[in-house]
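Q: Given next are the chains, with one letter for each unit.
Protein chains: 6
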Amino acid sequence: MKILYAVPGIMSKSRMGTKEMERRKNVLQSFAAPGTIVDIRDIPDGPESIESTYEEYLGIPNTIDLIVQAEKDGFDGVILGCYADPGLDGARELVNIPVVGPGVTSMHYAAMLGHHFSVITIMDTVVPTIEEMALKAGCERKLASVRVVDIPVLELNERPELLKERAMEEARAAIKEDRADCLVFGCMTMAFSGMAKEMSEALGVPVISPPIASLKFLEGLIASGLSHSKKAFPTPPKLR
Amino acid sequence: MKILYAVPGIMSKSRMGTKEMERRKNVLQSFAAPGTIVDIRDIPDGPESIESTYEEYLGIPNTIDLIVQAEKDGFDGVILGCYADPGLDGARELVNIPVVGPGVTSMHYAAMLGHHFSVITIMDTVVPTIEEMALKAGCERKLASVRVVDIPVLELNERPELLKERAMEEARAAIKEDRADCLVFGCMTMAFSGMAKEMSEALGVPVISPPIASLKFLEGLIASGLSHSKKAFPTPPKLR
Amino acid sequence: MKILYAVPGIMSKSRMGTKEMERRKNVLQSFAAPGTIVDIRDIPDGPESIESTYEEYLGIPNTIDLIVQAEKDGFDGVILGCYADPGLDGARELVNIPVVGPGVTSMHYAAMLGHHFSVITIMDTVVPTIEEMALKAGCERKLASVRVVDIPVLELNERPELLKERAMEEARAAIKEDRADCLVFGCMTMAFSGMAKEMSEALGVPVISPPIASLKFLEGLIASGLSHSKKAFPTPPKLR
Amino acid sequence: MKILYAVPGIMSKSRMGTKEMERRKNVLQSFAAPGTIVDIRDIPDGPESIESTYEEYLGIPNTIDLIVQAEKDGFDGVILGCYADPGLDGARELVNIPVVGPGVTSMHYAAMLGHHFSVITIMDTVVPTIEEMALKAGCERKLASVRVVDIPVLELNERPELLKERAMEEARAAIKEDRADCLVFGCMTMAFSGMAKEMSEALGVPVISPPIASLKFLEGLIASGLSHSKKAFPTPPKLR
Amino acid sequence: MKILYAVPGIMSKSRMGTKEMERRKNVLQSFAAPGTIVDIRDIPDGPESIESTYEEYLGIPNTIDLIVQAEKDGFDGVILGCYADPGLDGARELVNIPVVGPGVTSMHYAAMLGHHFSVITIMDTVVPTIEEMALKAGCERKLASVRVVDIPVLELNERPELLKERAMEEARAAIKEDRADCLVFGCMTMAFSGMAKEMSEALGVPVISPPIASLKFLEGLIASGLSHSKKAFPTPPKLR
Amino acid sequence: MKILYAVPGIMSKSRMGTKEMERRKNVLQSFAAPGTIVDIRDIPDGPESIESTYEEYLGIPNTIDLIVQAEKDGFDGVILGCYADPGLDGARELVNIPVVGPGVTSMHYAAMLGHHFSVITIMDTVVPTIEEMALKAGCERKLASVRVVDIPVLELNERPELLKERAMEEARAAIKEDRADCLVFGCMTMAFSGMAKEMSEALGVPVISPPIASLKFLEGLIASGLSHSKKAFPTPPKLR
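Going line by line, the protein sequences match chains E, F, C, H, G and W.
Per UniProt numbering, the first sequence starts with residue 1, numbered consecutively.
Per UniProt numbering, the second sequence starts with residue 1, numbered consecutively.
Per UniProt numbering, the third sequence starts with residue 1, numbered consecutively.
Per UniProt numbering, the fourth sequence starts with residue 1, numbered consecutively.
Per UniProt numbering, the fifth sequence starts with residue 1, numbered consecutively.
Per UniProt numbering, the sixth sequence starts with residue 1, numbered consecutively.
Just so you know, these hints were derived from the structure itself, not from any lab.
Hints are supplied without guarantee of correctness; some may be wrong.
[As the list claims (entries may be wrong)] Partner residues are not named here, just some residues of chain C that face chain H (Cβ under 8 Å, in silico):
{"no.": "1", "residue": "Glu-51"}
{"no.": "2", "residue": "Glu-55"}
{"no.": "3", "residue": "Tyr-57"}
{"no.": "4", "residue": "Leu-58"}
{"no.": "5", "residue": "Pro-61"}
{"no.": "6", "residue": "Ile-64"}
{"no.": "7", "residue": "Gly-90"}
{"no.": "8", "residue": "Pro-128"}
{"no.": "9", "residue": "Pro-152"}
{"no.": "10", "residue": "Pro-234"}
{"no.": "11", "residue": "Pro-237"}
[Stated by the list, open to error] What follows is a list of derived Cβ distance ranges for each label pair:
{"no.": "12", "chain 1": "G", "residue 1": "Lys-238", "chain 2": "W", "residue 2": "Pro-160", "range": "13 to 23 Å"}
{"no.": "13", "chain 1": "F", "residue 1": "Arg-159", "chain 2": "W", "residue 2": "Glu-198", "range": "38 to 48 Å"}
{"no.": "14", "chain 1": "E", "residue 1": "Asn-157", "chain 2": "W", "residue 2": "Glu-161", "range": "53 to 63 Å"}
{"no.": "15", "chain 1": "H", "residue 1": "Asp-65", "chain 2": "C", "residue 2": "Lys-238", "range": "20 to 30 Å"}
{"no.": "16", "chain 1": "G", "residue 1": "Asp-124", "chain 2": "H", "residue 2": "Glu-22", "range": "55 to 65 Å"}
{"no.": "17", "chain 1": "F", "residue 1": "Asn-157", "chain 2": "E", "residue 2": "Glu-158", "range": "29 to 39 Å"}
{"no.": "18", "chain 1": "W", "residue 1": "Glu-198", "chain 2": "E", "residue 2": "Ala-173", "range": "48 to 58 Å"}
{"no.": "19", "chain 1": "W", "residue 1": "Glu-161", "chain 2": "F", "residue 2": "Gly-204", "range": "46 to 56 Å"}
Since the model is a prediction, treat every value here as computed from it, not as a measurement.
Just so it is clear, CB atoms sit at the ideal spot from N, CA and C, and this is done for glycine as well.
Work out the full structure, taking the sequences as your base and the hints as a guide.
A: Now the structure itself:
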C-alpha cells in the first residue's frame, strides 16, 4: 500500500527544507503498518507556512494537482499535510483514491475517545478556521476550546523548549478550565515535534497527533476498500 | 461611493463575454443609491463558471489579488460575484474596505424577512457547499431546503424559458413541501436573469436577488462607516 | 421614500420629551440616503421606557395601531424604535410595507461582519429577552454574550460619562473574555448616544448602532422592492 | 388550594359565552386533586379568539392585570388559558405565585413521555408561533411537527364531528409520516372538546390535553412549594 | 393510587439500611396528594450506591424485574430511585404503568420554571452522565452547568454540615458564574437531605428536589390517565 | 497485537452457535493487519440477540466482566460486538486498554467520508436507540436517517435473499429520499452477512461495515499508543 503525504506549501524551499520533509516521512513510516510505504511531496509554488485562510487558498490549486498526479502515479491514498485540511473537498472531487485531512480526522478521533476535546494550535489567526472545521465536521459540540501557543509556524522547530512549555501550559488550562478530556495538536509542525507521548503521560489524557491519526485512518480505509463518497464529492460536471 | 463587483472567473473570455459583464454592471447601477458608482472586473485566469468546490478554489488567488487592487484603486467596497462567496474570508484578511458575499448576505436577508427560506440553485454538485455556507453563517435553522433547476451555468442564459419554468417548479415545491416563506437565487446568473419580481408576484413570497441584496447591504455599511471585523479576519501575520 | 421611526412608548411625555425625539429623527436623517425622508412618532399611552417584558407588552397594541396608520399615511417602511423589537411579528401581520426591528437586524448585521458578537445593553432584566431574540432570529451561535452597563434607561442621557465608561468596560470584557469580534448596542438610547464611532476606533472592532443598521436595511429593502414575507406573517384570518 | 384559569380573551362576551366558561371550569375541577378549587375568569376587553400573534398582543395587558388581581385575591396559582401562552413571561415578572402556560407545559410533558411529539392545532397562521415556543422552551428537537385541522377557533365547538375527523387524520399522519410518538392539542378549545382519551385509545399513543397537564403541573408546584424563578422573571425595575 | 419508589441498589443492606428507606418513604408520603399511598423497595443484588455508569449497569436487570413485579402487584406507577434514571427506557419497554425518572423529570421541571438551571451533584465521575441525560431529554440548552460537592454518596448522610456548606458554595457559584436561575439536586441522597427549602430561601431561586418533582409528575399522569408512549418504548419483539 | 471481539450475548448457545462465532472471527482476521490476532468470546448468560434496550441491559454486567478479563488475559484492545455499543462507557471505566464500539465508530467513519449517512438496521424498536447514540456521539447532524429491513436478528442469517433485497430497497430510499451519501449497517449480523462490497458497487456510495471499521480503528489506536480518555471514563471511586 502506497500513501502520499501531500504538503500544501513549499516546504522544500522554506527554512524547514527537504531535511524536515524527509524527517516527517520517516516519522510516518515508523507508525505505518507492515506493507505500507509512505512518500512525501510538496508543491512548486505556494505559501511557506499557513497561518491564515489567505495562505490556505494560495496553495490549494497546486495541491489538488499534486493529489491528482498521485492518483495517476499509483498511490492508494493521500494525507493532506496541513491541519486546516485546505482544499480537501476540492481534491476529493477530482480523485477516487481516499484523501484524508488531519484536521477533521483528528477531531473525530478525539470525539471517539472522550467527551470534550481541545485543539492546541499556533496563533489566534487560525482559531476561527478550526472552529468552522469542527462545525462542518459535525464535531462542534465535542470541541471544548481552541487554544494557542502564540508562536509562528516557522519558529516552532527552532524553539522546541518554548513550544513544549507553552503547549503544556495551554493543555493544562484546557483540561482544567475548559474541561477537555482529550487533546489534539492543531498544526502539523507541532504534531511532528514528537511531544505527544510525553504530554499524554504528564497530563493523563490522550494527546492525538493528527498526521498519525490520519495515517492509521487512511490505512484502515484502504484495507477495507473504502474511500470518500463520490456522491458527496462529485466530479465537477465540466470535467466528466 | 465606488463599488466593485468582482467576478471570480474569466467571464470576459467565456461565452458570456464582456457584454454580459456590462449588462450586470448596469443592472447593479440601476438599483444603486444616488451617488453610488458600480464597476465590474473579472480575473485573468480561472474558471469559466463555478459548479464545484474545485472551480471555486481555482479562481480564489486571482480574485483576492483583484480585491486588493480594488482597495488600492480607491473603491469603497467590493461585492464578490459568485453565490458561493469563494475566498471571502481570505479577501477580508487582506483589505480594510468592506467585502460582502452574495451567498451569506442573501441568507441573512432571507432570515430577516421570514421564518424559513429556500435557495434555488443550478446543480446538485453545489448543494453541500450552500448548506455549509448556511452553517458557517449561523443560518442553518432558517434554511428550509436547497433545490436545483439542474441546468449548467453556461446554458442558463441560452435557455431563459426553461430556466424560468424550472425555477418556478422548484420554487413552488419549496413553498409547499419544504415550507419556505422566502426564496433566494443560489447562482449569480440566475439572479441576473431578472426573474425575481415576476416570480415574487406569482408566488406571494419575497424572492431575493443576492447581488442586489449585497449592493444594498454594502452601500449601507459604507454609509454608516462599517466594515467586516479585522479581529475576525486579521491580516496574515507574515504580511504585517 | 418616507420612513417612520415608531417609538413603542410615550417618549414625548417622558423626561426625554419631544426634543429627544426630534434629535433622534435628525440623527437618522443624517444617515439616510438622498431622497429618504425620516419621520418619528410615539404612542399616546404605554411605557416610559422598556426594561422588562411587561413594559414591552404594555405598548404593543398602540404601536401596532401606529404602524397600521403609517401605512395608510403613505410611509414606505417602518423602523420599530426599541431594541427588543416589541410586537414586530404582530405588526408585520397587519401591514404590507416592510417593518424592521433594530434587535434582529443588528444581530444579523453583526453575524455578517464577524464570527461572534456581543450585545451591550442596559440592565440584567432584559438579558433573557435578548438571548431569546437571538434564538428566534437563528443567530444564537453567533451571540458571544449579552453584557449590561447596569444603568436605567431614563438615566442614560443624564449620565453620559458614566455610560461611556461602563460601555467601554463591558465592551473590552466582551472582546477579551467572550471573544466578541463585533459589538452591538442593545438599547436605542445607548445607540443614539453617539458613542459608536469613537468606541469602534478605540476597540478595533465594528460597533453597530441598531437604528442606523435598521435604516440602511430598510432603505435597501424599499429600493429593491422587498418586504417581509406575508406567508411568514399572514394577515389574521378574522381581519381578511 | 385555589387555582385560577385565566382566559386571555373575552370569552364571556363571545359566541362561546359564560356557559362554555362554566363547562371548562367543571372539566378542570373534575381532574383536580382533593382540596383544589378551580375558578375561571376572562378579561373585559381583548380578542374573541386567538389565531395570530396580533390577537395575542391585544389581550396581554388585561390578562396580566387579571393575574395580578388573582394574586391579590388569594389564588395559589394561575393557568394561562391559551395554548400560545400569551404574556407568560410578563405575568411572571409581576407576581410571585406560579403562573403556568399550557403550551410550554404540554411540550415538556410530551418530551418526558416519548421521543418526538406533534402538536395538532387550528390553522396555519399559528404554526410559526408554536415552533418558536418550542425553541424558547428548549424542546425543539423533540417537536416532530405542528399540524393543523384548518378550522377557525370559533367554529370548533359547532362542528364537533368535523373536528374529530380532521384531528384523527392529522394525528395519524403525524404518527406515520412525522414519527410522532406522543400528541398534544395546540388549542384550548380543541383540548376542552374531550377527544383526548378516545383518540389515545384509537391511536395507541398518549394524547396530552394542555389544560389538564397545566393543572396537574401547577398543583404539584404548589404542593411542593415551588414557583417560577424570580431571578429568571424579575420584577420590572420601575415597579420595585 | 399506589406508587412505588424503586431503589436500583441494595440500600437495605447498605450503611443506610431499612431505616433510611423508611425515612424516604415517609418524606414522599408527606408530599403525596390525599389518596396516594407510597411504598419503597430495593433490589436483592446490585450496587451500594451509584457513582459511575458501571454501577448503574450492575443494578439495572434487577431493577427492571422489580418494576415488572410492581405492575403485577397493582402499583399505578413507579419512581426510579436514582438521579441517573438507570434503565428507565428498558423498564418502560416492559410495563404499561408510568415509570418516571427523577433526572429527566427534574430537568424538565427546571426548564419550565426558569431560563437556565444547574445541577448540584456528588462527584466529577457522574458529570458526563448528567450532561448526556440533558442531551437525550432535549434540555441541553437549558443546562447551565453541573457542579459537584465532591463527597461520596455513602458519606453524605454522615456529614450533613459539610454537605450543606458545599452545596451552598456550588449553588452560589452556579447562580453567579454560570447564570443559573434554578437549581436541581443531582443525587437522591442530597435531595432527601431536606435542604431544598432552606437553600431556596437563602438563594432566591427555586431548588428542585427530583424525587418530589417525580412524585407530583407521576401523580398527575395517573390522575389524567397518561403513561409513557408505548410507541416510543415498545415491548421487546421476543417478549410479545 | 491481540484483539478481542466481545459478544454481549449468548451467541454460542443460540441458533447461531459457535460456528457463526468462528466465522465472524475469521472475517475479522481476514481484514486484520499483519501481526494482529483476533479472538472472539461471548458471555455465559444474557440475551440471545438484542432488539430492545431491555436486552442490552441484560448482557452488560457479564460483558463488562468479559472485557475486564480480556485485559487481564493480555488483550491489547476490545471490540464490543453489538451495534448499540451496550455498556461501552461502563467497560471503559474499568479497563485501560482501548474498548471501541461499532455503533459510534461507524458513525464517525461515515461522517469522515461524506456529508450525510443513513443507518440500515433491523427493526423499528432499535431506531430511537441509534438516534440517541448519534446524539451522544455528536454526529446527529450528519445522520440522514435510520431505516429498517424489518427482519428479526435471529432470522437474518436464514433469509439471506430477503435480507439483501430489503437492505437494497432501504439503501436506495436512503440515498434518494433522505439524501444519504454514505451507508452504515446498524446490526452486526447484517454487517457480517458480507453484502457491503456488492451493495457499495451497486449504489455508488461507501457502505460501512461497523465491525471492520472498529477493527481498523482499534488497530490504529493500539499502533499509535492511544486509548479512550480515563479522564472521560474514570475508574469508579469505590474501585480505586
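Q: Hint by hint, say whether it matches the structure.
A: Each hint tested on the structure:
1. Glu-51: holds, 5 Å
2. Glu-55: Holds: closest Cβ of chain H sits about 6 Å from Glu-55/C, inside 8 Å.
3. Tyr-57: holds, 4 Å
4. Leu-58: Cβ of Leu-58/C sits 6 Å from chain H, so the hint holds.
5. Pro-61: Cβ of Pro-61/C sits 6 Å from chain H, so the hint holds.
6. Ile-64: holds, 7 Å
7. Gly-90: Hint holds; Gly-90/C Cβ to chain H Cβ min 4 Å, cut 8 Å.
8. Pro-128: holds, 7 Å
9. Pro-152: Holds. Min distance 6 Å.
10. Pro-234: holds, 5 Å
11. Pro-237: Status holds, d = 5 Å.
12. Lys-238/G / Pro-160/W: 13 to 23 Å: The hint (13 to 23 Å, Cβ to Cβ) holds, given that Lys-238/G and Pro-160/W are roughly 21 Å apart.
13. Arg-159/F / Glu-198/W: 38 to 48 Å: holds, 40 Å
14. Asn-157/E / Glu-161/W: 53 to 63 Å: holds, 60 Å
15. Asp-65/H / Lys-238/C: 20 to 30 Å: This hint holds: roughly 24 Å between Cβ atoms.
16. Asp-124/G / Glu-22/H: 55 to 65 Å: Holds, at about 56 Å.
17. Asn-157/F / Glu-158/E: 29 to 39 Å: violated, 55 Å
18. Glu-198/W / Ala-173/E: 48 to 58 Å: Holds, since Glu-198/W and Ala-173/E (Cβ atoms, about 51 Å apart) stay within the stated range.
19. Glu-161/W / Gly-204/F: 46 to 56 Å: Holds, since Glu-161/W and Gly-204/F (Cβ atoms, about 52 Å apart) stay within the stated range.
The structure shown violates just one earlier hint, number 17.
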